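Trainee: With these hints in hand, go ahead and build the complete structure from the sequences.
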Amino acid sequence: MPSCESGSPNCHFTCPFGGSWHVCRDPPYFVGCCSSDPCTNTTASACPLENLYAAVFEPVLFDKLGPSNCVDHSAENWFTCNYTFQPFIGCCETNPCVENTGCPFGNVLPAAWSPTRTSMYDMFMDASENITKPKTETETSVSGLSAGAIAGITIGGFAGLAILLLGVFLALRSRRRRQAGHTAGEEEKPFLGHYAEYVLRPVAMKQ
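Residue 0 is where the sequence shown starts when you use numbering that gives the first Met the number 0, and the numbers rise one by one after that.
Think of the hints as simulated: they come from the structure by calculation, not from any bench.
Note that the structure is predicted; figures quoted are calculated from it, not measured.
One or more hints might be untrue.
Using C-beta positions, here's what the derived DEER-type ranges look like [unchecked claim]: (1) N94 / C38: 23 to 31 angstroms; (2) C38 / F84: 23 to 31 angstroms; (3) A161 / S118: 45 to 53 angstroms; (4) R24 / F157: 49 to 57 angstroms.
Cβ atoms here follow ideal geometry from the backbone N, Cα and C, with glycine treated the same way.
Mentor: If you want it as structure tokens, here you go:
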């Protein structure tokens, strides 16, 4: 991506060929790259053609960029080209989307954002709260869950852990009981001691 030193605040719109990024709040609502200040030029065209340069946009914004206007030219001259070497946005005398290099310097026309779509002004101003990078697949899948679903998953996890701990506790208690019963059974066996070694034998009677 080209340097955005002269581009928009968050570098979503840049001016790699010259000029600086401008978005004018007042008519004729100029937007684009100009080497002079188009927002204070009230005695001539917003940006003279010799001061006008092609603008480039961040491709992730392509689906958010709707049609806009051209200053003193038909809106049919407005283009957003996502597949050129450097994605072109603005007005051009020729179709810049069929050329890999975008709109040639001499064909660039002054562009304007549409006053009927104020959201476009916010986007071109490139405020951080208005434009964000696309989420990753993991972030999308997590954020797609409702609060109820997340709460249910959390409660289910705790319940499963509690059941597992209860099962371990019962198993240990049962084992201890069996060991205790085995010991008690051994204590109840009759103790024969040395008496078990004596055997009764008949005794001869004297006559």
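Trainee: The structure should be examined with respect to each hint, and the outcome stated for every one.
Mentor: Hints and how they fare:
no.	hint	in the structure
1	N94 / C38: 23 to 31 angstroms	holds, 28 angstroms
2	C38 / F84: 23 to 31 angstroms	holds, 29 angstroms
3	A161 / S118: 45 to 53 angstroms	holds, 49 angstroms
4	R24 / F157: 49 to 57 angstroms	holds, 53 angstroms
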